[in-house]
Amino acid sequence: MTDEDPEVVEAPEIKFKLPTSITIKGKEIVFNDAKWYLFYGSLAAALVALFCIILYVEVYINSFLIRVDCNPDLPLNYEKCLDRGCIWIQRTDDAQPLCFYPDGYGYKYQEVRQTSNGYHVDLERSTQMKMFGDEVDLVSLQVYFETKHRLRLKFADKSKKRFEVPIEVPLPPAQSPEDTKYSIEFINEPQFGVLVKRNDTGSVLFDTNIPGMIFSEQYIQISTRLATSKIYGFGEHSTSAYKHDTNWKKWSLFARGSSADSSSNLYGVHPFYMNVEEDGLTHGVFLLNSNAMEIVLQPTPALTFRTIGGILDFYIFLGPTPEDVVKQYLEVIGFPSMPPYWALGFQLSKRGYSSIDAVKLVTERTEIAKIPYDVQYFDIDYMSNYKDFTIDEKNYPNLPVFVDELHDKGRKVIVALHPAIASNKTLESTYPALDVGVNRDIFIKVNGTYIEGQGWAGKTYFPDFSHPLVRPYWTQMCTEFRKSVRFDGLWIDMNEPSNFVDGSLTGCGKNSLNYPPYGAGVLGSKLDGKLFEKTICMDAMHYTGKHYDVHNLYSYYQANVTYRSLAIIIPGSRPMVLSRSTFPGSGRFVSHDLGENLSTWEQLRASIPGILKFNLFGIPFVGADICGYSLNTTEELCLRWMQLGAFYPLSRNHNSLYSKDQDPASFGKEFVSLVNKALYTRYELLPYLYTLFHFAHTEGSTVARPLLHEFPDDSETWEINYQFLWGASLMISPFVEEASSAIDVYFPRGICRKQKMGLFVAPDESGSAKGLLFWDDGTSYETQEHTTYFQLELTYQKAKGKSVLYSNITNNNFPEAANVLFGYITFCNQPLTTKVLFNSQNLNMNRVKYNAQTKVLHLEKLSFAISERFEIVLIQS
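Just so we're aligned, residue 160 is where the sequence shown starts under the numbering used here, counting upward by one.
Hints may contain errors.
[Claimed, not checked] With a Cα cut of at most 30 Å, we get these calculated DSS-like pairs of lysine-lysine: (1) LYS929 with LYS994; (2) LYS693 with LYS584; (3) LYS571 with LYS642; (4) LYS553 with LYS642; (5) LYS1020 with LYS915; (6) LYS819 with LYS571; (7) LYS356 with LYS289; (8) LYS994 with LYS957; (9) LYS519 with LYS819; (10) LYS289 with LYS669; (11) LYS604 with LYS693; (12) LYS320 with LYS267.
[Stated by the list, open to error] Quick list of the computed label-pair ranges, beta carbon to beta carbon: (13) GLU526 with VAL595: 37 to 45 Å; (14) TYR500 with ASP293: 48 to 56 Å; (15) ILE248 with GLU337: 43 to 51 Å; (16) PRO332 with GLU526: 50 to 58 Å; (17) VAL597 with SER418: 30 to 38 Å; (18) PRO332 with ASN557: 57 to 65 Å; (19) GLN1035 with PRO499: 24 to 32 Å; (20) CYS911 with GLU552: 56 to 64 Å; (21) LYS959 with VAL595: 51 to 59 Å; (22) ILE248 with VAL597: 56 to 64 Å; (23) GLU337 with ASP438: 21 to 29 Å.
These are computed hints drawn from the structure, not numbers from a lab. Heads up, the beta-carbon is just placed ideally off N, CA and C, and yes, glycines get one too.
Make a model of the complete structure from these sequences and hints.
This is the structure we're talking about:
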């Protein structure tokens, strides 16, 4: 090219003469040019419109098609797809699978037999499968009608016994089909499917008539349609939203020690979900399986379960409310334990207190700042060479004396324990935790030899907590250690189990357990197929089976053993155990922290969905590390996090070895003042929070819950991630954005207006209590200035043989208060009551519930206006 003007080349003239007429069936039609242009233009427009309609129809049809990926493991390849008997469609949308199962791929039923409490169905493989080998020819489906709101679908290998989760589920009396709230259908075309429907609305809750059901030795797959895309649950993962994204999302479930900022599989495994239907009714589904698994969500909406072992053991819960679903789920896995009252207080912790003097400094400045706190943690820094049940006499001299001093000030102490026991004992020393364990032969083995990994203490063995001899061993170790350090609770950490090396110090065998044909997408399996990254070999043996099958149960067994050991060690006191890893049913024994999060605004926000999920999972005593575990927090972030964390069910500030101090007293006076307002509000509300835990323990309800639990028919609540409730009565709307001075808060219609109120009476040491209730229309300007409101004063007093609660109206200038009702009253620290008078009339004792252990009296099924003066007399004899 040159800088000269380019040569101009004229385009050749193109001449096109339109015909002047067209003959159709012998009739000539004359066109002028304008008519021809109109004709061609109309034809082109029609073709474009037809093309758009075809595209729309294709998109519309695709939205109803369920495409189950036939190629989850291998690199995408047309030939491999067809070799598996699947369909290949090339497209540019990377989200949808290119290779998927055709209709008819899977099983068909041979016969359906009705049993005394359900059905028995025999399934026969109807397809030649070339997936992962060892496909089962015959599968049995056992259907159990367990309660009128719950049924069970159990798919198993008909030819042999496979691993089943050894957790006992209380079997209710068999339910006859005519008494249930659900019905069931079996379909055989184009492949077998089971449909579960809600009787009153006809909504389909579970529908497996989808191609791609596979039952093989190390790969089991089944899919179901969802009622809607409003699906919640599955864990443990760190997510920014409470509701799941169904746009081809995958979630792996396999216990793994990893940073909580990762979207990969984390510490616990919870294969349970809740689905809100179009009309606001809700149901839940639980897969009782402890093997590594993967959940795939697609926008139809539908989901696919993939697991690499065991059986498919489904429980379906009909609710119909979200709280009902959780209660029905917890009837299967067990209600959560009742925490001791002191554990509801604010808690301080840090990994990296270099010495006992560093801990004393934190406790002293916290006291000077008048920050309320009840629990001091000791992470593994207190140990000698990080060995369980030992004390670092150099850096933590006189630890037992300091613990006693904390007790004298009314505080409690929780110490950390890791499951792994140091195995690198020298000949010159003794280590009882190792010596007794070896003598009792309770460590996990591979090929008859103790599997040796590595942890903070160096070389380690791993106790088999499923072994019957481990409980007396663990109790003995804890008992001997508590003779020195009088701890009040235990924090069992790194119990996935975590390992600093992959498998063991000598590696793992090259077999299909350690390198399964499919790794379920778990972290570490995608590179070379191994399933044992940062844990122990899958072919290691436990008392209850191969680690391949019980890996996700390890923490559950340890939780059970530790809880029961504490009950023996500290008789008469409720055990307080905090666990990093969990499994369905762990809530019976432990509380939970969300793990090693980061000091970021994203992780502050993610903590709220995390806490709400664990309330779904039956572990309501849960919290995140306030201000973040890793990295250095900022003052603004820590302030907002402390304000939010004051309303976590479990409120603990904890950070890492390499992070700067972030306990509240390490900041300035203004920071402390603002934090104290939040913490003192928490302490004022502790009786209410304690009552919520009482109902969680006795009924299976949630403590922290999303707004949709109280307003499931309000579509606005389905997507709310960062507001939540304590029980049904208290809404928390925290600041979750940096540099924000205002927040948008959604108030559902009818909150506290269309629902009955409850009274909570917590007397002081003198046996008295007082309270005020203010009520207006909730929106009008200056109702206080114009006194257009209602105000009620409540007084409770104890006298000999009776207690009296009465009301006094101090302002009655809001007539609509007559439409607001009290529905229940709860009395704390109440002696056994034999008679209740309401305005001098006997109250039916069927409305009175009393818990002698907690001394909580509950009056229910009440219905009287808040504007009605009343007197309630509780007579003790």
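> So which hints don't hold here, by number, going up?
Replying inline: Violated hint: only 7; rest satisfied.
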